[in-house]
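Quick note, the sequences are listed as chains A and B, same order.
The opening position of the first sequence corresponds to residue 1 in this note's numbering, with each subsequent residue numbered one higher.
The opening position of the second sequence corresponds to residue 144 in this note's numbering, with each subsequent residue numbered one higher.
Certain hints may be false.
Computed spacing ranges between beta-carbons, pair by pair [unchecked claim]:
hint, chain 1, residue 1, chain 2, residue 2, range
1, A, F83, B, F261, 47 to 57 Å
2, A, E40, B, K325, 41 to 51 Å
3, A, A34, B, Y244, 47 to 57 Å
4, A, E40, B, G336, 53 to 63 Å
5, A, M139, B, V234, 53 to 63 Å
6, A, K128, B, E164, 14 to 24 Å
7, A, L78, B, G237, 49 to 59 Å
8, A, M139, B, L158, 42 to 52 Å
Below, simulated DSBU-like cross-link-like pairs (lysine-lysine); rule was C-alpha separation at most 30 Å, straight line [claimed, not checked]:
hint, chain 1, residue 1, chain 2, residue 2
9, B, K175, B, K344
10, B, K147, A, K37
11, B, K236, B, K344
12, B, K155, B, K344
13, B, K325, B, K344
14, A, K37, B, K155
15, B, K175, B, K147
16, B, K325, B, K155
17, A, K128, A, K114
18, A, K48, A, K114
19, A, K37, B, K175
20, A, K48, A, K128
21, B, K175, A, K128
22, B, K236, A, K114
23, B, K147, B, K325
24, B, K155, A, K128
25, B, K155, B, K175
26, A, K53, A, K37
27, A, K48, B, K147
28, A, K128, B, K344
29, A, K37, A, K48
30, A, K114, A, K53
31, B, K147, B, K344
32, A, K45, B, K147
33, A, K45, A, K128
34, A, K53, B, K175
35, A, K45, A, K114
36, A, K37, A, K128
37, B, K236, B, K147
38, B, K147, A, K53
Simulated from the structure, these hints should not be mistaken for lab results.
Note that CB positions come from ideal geometry on N, CA and C, so glycine has one too.
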Amino acid sequence: MEMRLLAATPDVELLIAIAMLTTSSDETPADIYALLKGDERRVHKLLKRLILKHGSVLEHNRLVFLAEAEEGEVLALLLAHRFFEVSRLGERRWLLSCNLRTVLEALSREGGEKLPEGAREALIMALKQVAPRLHERVMGRGG
Amino acid sequence: MEVKLLAYLPSKRLLEALRAEGLEVDADVLLKHISFTFAISGISRACSHQLVRHRVASYSQQSQRYVRLTSLADEAVEPSTIARDPEADMVFKGFLRAAEYAYNRLLSLGVPEEDARFVLPNATPTNIVVTMTGNALYHFFGLRCCNRAQAEIHELADRMLVLCRRVEPELFRRAGPYCFQKGYCEEGPLSCGRLEEVRAKYERLGYE
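Excised from the complex, chain B in its bound form (with noise of 0.2 Å):
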């Protein structure tokens, strides 16, 4: 997976020009008129489907139909709990081969690349451009950086904030986990139950 914050509309640009107007706004203003463009490669398409729920934002992504896939099994994203698992990871790669042998035949028999992906599983990679405000950002960490997000959209969330902090380190500095946004857990029964660690993790995140 590669982040990177392509572009940004800076906030001290902004306040600069309302003050020359005699005007001042708060972070809450700020936040939702600002907006963050982010270039994001090799993550899987079971990722891009979770961040794509976030209606309000923008997404320029890679197209299956127009972009023929050379390489799924050395490329595809393969998450941890299979991985580190010898028999899980077999499984997982005998699939992906067969997958890329499908979809390859279907190419060579004369099937349209729009057809030949419907063979190609959730951990094909993708590229994708994402622009989000900073209201949606906040959103968008609230429900990701959540220990219960799945561990890929955590690890992309986590590092959009530090990219987001890097940039605006005191307008992000309440961002992350809605348990640390809120101070508790609105997860219920299943909350993590970690909320002093989740704190200080988000606490430090991007400022070290």
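The following block holds chain A by itself, in its conformation from the complex (with noise of 0.2 Å):
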């Protein structure tokens, strides 16, 4: 399959920031927002701190994609993970969605279903777009 970013939220990395902080700080996420706007290196510092397992502050976007695929390889995509959200556009022609918690587990999962071919090194670039700390952290351990 072919499948590319086609649009995500903005400052991917600074929402994974305000959600982490808002989770263990007594600051409302309108407050650390003001505190972390334009802070790249504290935002950095955050991610570098941030457990992978705790995903749910990876939820906080949305990565849409455009894809050329038969409708098996679809099927295979939503069995690697359930939380793709899709449209069809036309015969071939698909627009898919997820947030990075999606991406990550989908790419990293062991065993289960694989994904369809393409769609893995299309979410890694993805992933590479919209939050490189995070991806230089996932990449530099092997993916």
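Once you've looked at the hints, go ahead and assemble the two chains, each given alone in its own frame, into the complex.
Below, the structure written as structure tokens:
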């Protein structure tokens, strides 16, 4: 399947940092936003502390993909991870979307249903595009 | 209560990317694929309990395990039905003071925050980051903008709808309680019976 990122929520890494601090501080999320906006160094420092198993903070975003694929390939993607949203746009053309948690879980899943050919590369590319520090961290471990 | 729209994926950006591919989609498809992230603070735990029952959504909530409550009596959320009755208000505030005392006493006895919190009431304030797709928001508004919804979550839903309409006025024009979305009330004998009044409110809300 051919799949590529069409659009995504802006400031994905900032949103992850805001979500992280909201859970563990008595500051309001709006105040945390004001504190972190524009402070990339601090955001990156927080991302280093992120425990990837606590995936809920990775969900505050949306990545939308355009895919050219057979029905079977889209089914394989949905079987690999149930949280992809799918709309059919025409013959072999699909609009797919998910959040970053789904991206990371789909990439890291061992065993079970395999991602269709082309999807893995597209998800890695999207991760690099919307959350470069997270991509560096995840791929630095060999994916 | 403070509600801010932290981020969203603008429909315009997605539509332009699709047009560049020679593709058009309708509003229902857009609503399925774009999301909105809200910063919500100063709501009660009672309200956040209702909020997180909307399962097709994402939440990051202030932890009572890791964040020590500094003041309950001054910051708790008091429903107007209690505040407007002097005797009810006295009972409510007396209980808050007792709960705050018990919480602090347990902490001073070495009980960790995660266990001392068991004495905290539903009125305890909390902060939460919430993300929903446009579709999920329509369902949330359908239920929680309804006159039968509890007042605090009703106010929260109205504020979120206003924020959505400010950035995506057309996409959320049909959003509101289900009677507004569908043209009829599904609540049966429990209906508030004020369909016209509700329709007038949600035709205007956020557009004035």
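Structure-based check of each hint:
The beta-carbon spacing between F83 of chain A and F261 of chain B, approximately 33 Å, falls outside the hinted interval of 47 to 57 Å. One distance hint, 41 to 51 Å for the beta-carbon pair E40 of chain A and K325 of chain B, holds here, with the actual separation near 46 Å. Between A34 of chain A and Y244 of chain B the Cβ separation comes to about 34 Å, which falls outside the hinted range of 47 to 57 Å. Our hint of 53 to 63 Å for E40 of chain A and G336 of chain B holds, since their Cβ atoms are close to 54 Å apart.
Against the hinted window of 53 to 63 Å, the Cβ-Cβ separation of M139 of chain A and V234 of chain B comes to about 58 Å, which satisfies the hint. Evaluation of the 14 to 24 Å hint for K128 of chain A and E164 of chain B yields a pass: the beta carbon distance comes to about 22 Å. For the hinted restraint 49 to 59 Å between L78 of chain A and G237 of chain B, the CB-CB distance of approximately 55 Å keeps it satisfied. The hint said 42 to 52 Å for the Cβ distance between M139 of chain A and L158 of chain B, and at roughly 32 Å that hint is violated.
A distance of roughly 26 Å separates the Cα atoms of K175 of chain B and K344 of chain B; the hinted pair therefore holds under the 30 Å criterion. Taking the CA atoms of K147 of chain B and K37 of chain A, the gap is about 15 Å. The hint holds against a cut of 30 Å. With a C-alpha separation of about 34 Å, the suggested pair K236 of chain B and K344 of chain B falls outside the 30 Å cut-off, and the hint is violated. Between the alpha carbons of K155 of chain B and K344 of chain B the distance comes to roughly 27 Å, so the proposed pair stays at or under 30 Å and holds.
Restraint check for K325 of chain B and K344 of chain B: satisfied, since their Cα atoms lie roughly 15 Å apart, inside the 30 Å limit. With a C-alpha separation of about 24 Å, the suggested pair K37 of chain A and K155 of chain B falls inside the 30 Å cut-off, and the hint holds. At roughly 22 Å between alpha-carbon atoms, K175 of chain B and K147 of chain B fall within 30 Å of each other, so this suggested pair holds. Restraint check: the Cα-Cα separation between K325 of chain B and K155 of chain B comes to about 26 Å, which is no more than 30 Å; the hinted pair holds.
Between K128 of chain A and K114 of chain A, the direct Cα distance comes to roughly 21 Å. Compliance with the 30 Å bound is thereby established for this hinted pair. Of the supplied pair hints, the one linking K48 of chain A and K114 of chain A holds, its CA atoms being roughly 29 Å apart against a limit of 30 Å. Annotation: proposed proximity of K37 of chain A to K175 of chain B holds, straight-line Cα distance about 28 Å (limit 30 Å). For the suggested pair K48 of chain A and K128 of chain A, the alpha carbons sit about 16 Å apart, so the restraint of at most 30 Å is met.
A threshold of 30 Å between alpha carbons decides the hint, and for K175 of chain B with K128 of chain A the separation of about 24 Å falls inside it, so the pair holds. The straight-line distance between the Cα atoms of K236 of chain B and K114 of chain A is roughly 57 Å, outside the 30 Å bound, and the hint therefore fails. Using a Cα cut-off of 30 Å, the hinted pair K147 of chain B and K325 of chain B holds, with the two alpha carbons roughly 28 Å apart. This hinted pair checks out: K155 of chain B and K128 of chain A have alpha carbons roughly 23 Å apart, not beyond 30 Å.
At roughly 14 Å between alpha-carbon atoms, K155 of chain B and K175 of chain B fall within 30 Å of each other, so this suggested pair holds. With a CA separation close to 25 Å, the supplied pair K53 of chain A and K37 of chain A stays within the 30 Å bound. This hinted pair checks out: K48 of chain A and K147 of chain B have alpha carbons roughly 27 Å apart, not beyond 30 Å. As the CA atoms of K128 of chain A and K344 of chain B are separated by approximately 44 Å, the hinted pair breaks the 30 Å bound.
Restraint check for K37 of chain A and K48 of chain A: satisfied, since their Cα atoms lie roughly 17 Å apart, inside the 30 Å limit. As the CA atoms of K114 of chain A and K53 of chain A are separated by approximately 21 Å, the hinted pair is consistent with the 30 Å bound. A threshold of 30 Å between alpha carbons decides the hint, and for K147 of chain B with K344 of chain B the separation of about 21 Å falls inside it, so the pair holds. In summary, the hint linking K45 of chain A to K147 of chain B is supported, as the alpha carbons are separated by about 25 Å, within the 30 Å threshold.
With a CA separation close to 18 Å, the supplied pair K45 of chain A and K128 of chain A stays within the 30 Å bound. Restraint check for K53 of chain A and K175 of chain B: the C-alpha separation of about 26 Å stays at or below 30 Å, so the hint holds. A threshold of 30 Å between alpha carbons decides the hint, and for K45 of chain A with K114 of chain A the separation of about 33 Å lies outside it, so the pair is violated. For the proposed pair K37 of chain A and K128 of chain A, the alpha carbon gap of about 20 Å is at most 30 Å, so the pair holds.
Restraint check: the Cα-Cα separation between K236 of chain B and K147 of chain B comes to about 29 Å, which is no more than 30 Å; the hinted pair holds. Proposed proximity of K147 of chain B and K53 of chain A is supported: the alpha carbons are some 28 Å apart, at most 30 Å.
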